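Required output: the full structure, derived from the provided sequences and hints.
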Amino acid sequence: MNQNPEPGTLNPELDRDTPMTSTYIQVLVLEALIIAALWVFGRMFA
Amino acid sequence: MRPFDWIVVVAYVGWIIVDGLRRSKGTDKVDGYLLANRSLPWWAVGLSVMATQMSAVTIVGTTGLAYSTGLRFIQNYFPLPLAMVILSLTVVPFFTRARVYTAYEYLERRFDVRVRSLASFLFLVGRAASLGVTLAAPSVVMSVILGWSLPVTVLVICIPMIAYTTIGGVQAVAWTDVKQMFIVVFGMSSAVVILLYGIFQHVGFVQALQLAGATGRLKAVDFSFNLSETYTFWSAMLGGTFLMLSYFGCDQSQVQRYLTAKSIDEARQSLMMSAWVKIPLQLLILATGVLVFVFYLFTTPPMLFNHVYDAQVAASPHAAEFAGLQQQFDTAIVNRREAALRADRAAFVASDARVKAIRSQASAVVKTATGDAEYSDVNYVFPTFITSQMPIGLVGLMIAAIFAAAMSASGGELNALATATVIDFYRRHFVKDAADSHYVFVSKLATFGWGLFACYVATRAANQGSLIEVVNRYGSFVYGSLLGVFILAIMTKRATARGAFWGLLAGMAAVLTVATQLPWVAFLWHNLIGAVVVVVVGMAISYTQRPTSVGSN
Chain A
1 MNQNPEPGTL NPELDRDTPM TSTYIQVLVL EALIIAALWV FGRMFA
Chain B
1001 MRPFDWIVVV AYVGWIIVDG LRRSKGTDKV DGYLLANRSL PWWAVGLSVM
1051 ATQMSAVTIV GTTGLAYSTG LRFIQNYFPL PLAMVILSLT VVPFFTRARV
1101 YTAYEYLERR FDVRVRSLAS FLFLVGRAAS LGVTLAAPSV VMSVILGWSL
1151 PVTVLVICIP MIAYTTIGGV QAVAWTDVKQ MFIVVFGMSS AVVILLYGIF
1201 QHVGFVQALQ LAGATGRLKA VDFSFNLSET YTFWSAMLGG TFLMLSYFGC
1251 DQSQVQRYLT AKSIDEARQS LMMSAWVKIP LQLLILATGV LVFVFYLFTT
1301 PPMLFNHVYD AQVAASPHAA EFAGLQQQFD TAIVNRREAA LRADRAAFVA
1351 SDARVKAIRS QASAVVKTAT GDAEYSDVNY VFPTFITSQM PIGLVGLMIA
1401 AIFAAAMSAS GGELNALATA TVIDFYRRHF VKDAADSHYV FVSKLATFGW
1451 GLFACYVATR AANQGSLIEV VNRYGSFVYG SLLGVFILAI MTKRATARGA
1501 FWGLLAGMAA VLTVATQLPW VAFLWHNLIG AVVVVVVGMA ISYTQRPTSV
1551 GSN
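Chain order of the listed sequences is A and B.
The numbering used here numbers the first residue of the first sequence as 1 and each following residue consecutively.
The numbering used here numbers the first residue of the second sequence as 1001 and each following residue consecutively.
Some hints could be false.
Unchecked claim - Straight line, CA to CA, 20 Å or less: simulated DMTMM-like cross-link-like pairs of lysine to aspartate or glutamate:
#, chain 1, residue 1, chain 2, residue 2
1, B, 1219, A, 13
2, B, 1179, B, 1019
3, B, 1029, B, 1433
4, B, 1432, B, 1028
5, B, 1493, B, 1108
6, B, 1262, A, 13
7, B, 1367, B, 1436
8, B, 1262, A, 15
9, B, 1432, B, 1108
Unchecked claim - A short list of chain B residues far from chain A (calculated; beta carbon distances all over 12 Å):
#, residue
10, 1019
11, 1160
12, 1225
13, 1233
14, 1266
15, 1452
Derived from the structure by calculation, the hints contain no laboratory data.
In this text the structure is predicted, and so the values were computed from the model without any measurement.
Glycine included, C-beta positions come from ideal geometry on N, C-alpha and C.
Structure (structure tokens):
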């Protein structure tokens, strides 16, 4: 039944694996900014 | 609900079902039925990941929660971007390269069949219970609108959902999720516009924010370290991170989404979509709940939003007491409105506290009069606003969005339950070498069976406070322990099968003990406790054994 390649079998398309480090950093920086903005927002209108 | 709204609802739900069935092409093989032949683009997988998490529970429960307590629930989502980054670096390439159908399949390769079966069983129990809650949310809405009984409403929602999920498999689920996300965002944005229009008839934007802020509803971030407080920054970033890692990394309903992606890169991009969009999207939904609160400062709200017991209370010995509270409530509402219009902060805060106290007393009277100790109106707030305040057409659209959200999110979960049942139990333990068509048939049977089970649970879960919390509570019983066993599998080479198995049981026992003996500990911490106990106990037992090579212990 299993049409998938066995573990360890190369499949160039499925195994395409490009580093995304800059994306990860951007995501985490944005998250920190959102949390900071929400904290300031909450204090402004408390 | 007017006839045109019904036309919108029926047309939308009909389109969802027909398109879902159309997607059943190419699902005659197990790869197609369970993994869409690993062919879906990242954006469709990304929307499906978000849609599976953002069910009707999110729309109904989260807005009700924000109406009552404000934005603080957003903290629950703070760990999501971090969790997505960690998962993109770890489990996504791991599972994709392992060519597995279920996350638990990998545990047998790393440990043994006992660990795989136990982990899969825990997933089945936890997910089946929370699936019922996912279905209960729209059933609550429709019960309010139509006056139908809950079981009938559950069936009306379940039958089409079970039909297209059973026939179309994961492809039908994924493409339905894509449509759901667009309709939900459009519907919620429309609700915000209607709310702002209503609010601006009385006060400006800044004053509206000041009114919400005066009652603490704009306090989104709480840095206090309090184990008994459900939503704080620390409970989110510590307990919540474990919940997110576990949910997106170990829960088959999510793992199966990104296993359908074309490549490791596309699976990662699908998770990054959630990392970028999820917090702003949740803010939109929570802000809607806060705006409903501000809206009802100037439009008289019902004393209680849940009218299920109105007749029963009116016929009870508590009728006079309830009527007296209604009079006090009407006066308090007028006082609160005048204070809000005067921008008299002290008077506004005092009158809002009075309104809150009367609502609490009224709720207690209903509980006493009916004997329903679980009575709550949190989940009825937004549906009441939709049906009583939104214009014709948009009412239908919002109800359609809630319908579609319930069906698509539940469809993904049903699909995952069937996959784990067939791949981890039926094919592994009972019928090992049958034809593809046999496993597809059994998968469809499993989907149908879990659908019926979920319908039953849904009828039992509708009154358990805020539905979104109920879902997370169910999940937190098992998620932390599941994450612990995957940490042992992926992060350590020294862990043995025996260590993982007994560690997993110890983690579950620890969470159960904390949940029953220390009920003041907020449920998000259960995830951290479960994961830590599994890792500590698992490693301790592993060190009592002689080291063996990975995969052979």
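Checked hints:
1. 1219/B / 13/A: Distance ~47 Å between residue 1219/B and residue 13/A Cα, so the pair is violated.
2. 1179/B / 1019/B: Distance of about 10 Å is within 20 Å: holds.
3. 1029/B / 1433/B: holds, 14 Å
4. 1432/B / 1028/B: holds, 19 Å
5. 1493/B / 1108/B: holds, 15 Å
6. 1262/B / 13/A: holds, 7 Å
7. 1367/B / 1436/B: violated, 54 Å
8. 1262/B / 15/A: holds, 9 Å
9. 1432/B / 1108/B: It holds: about 15 Å lies between the C-alpha atoms, which stays within 20 Å.
10. 1019: The claim stands: residue 1019/B keeps its Cβ more than 12 Å from every Cβ of chain A (closest is about 26 Å).
11. 1160: holds, 29 Å
12. 1225: For residue 1225/B, whose nearest Cβ neighbour in chain A is about 16 Å away, the distance exceeds 12 Å, so it holds.
13. 1233: violated, 8 Å
14. 1266: violated, 8 Å
15. 1452: Label holds. Min Cβ-Cβ 26 Å, cutoff 12 Å.
Violated hints for the displayed structure, listed by number in ascending order: 1, 7, 13 and 14.
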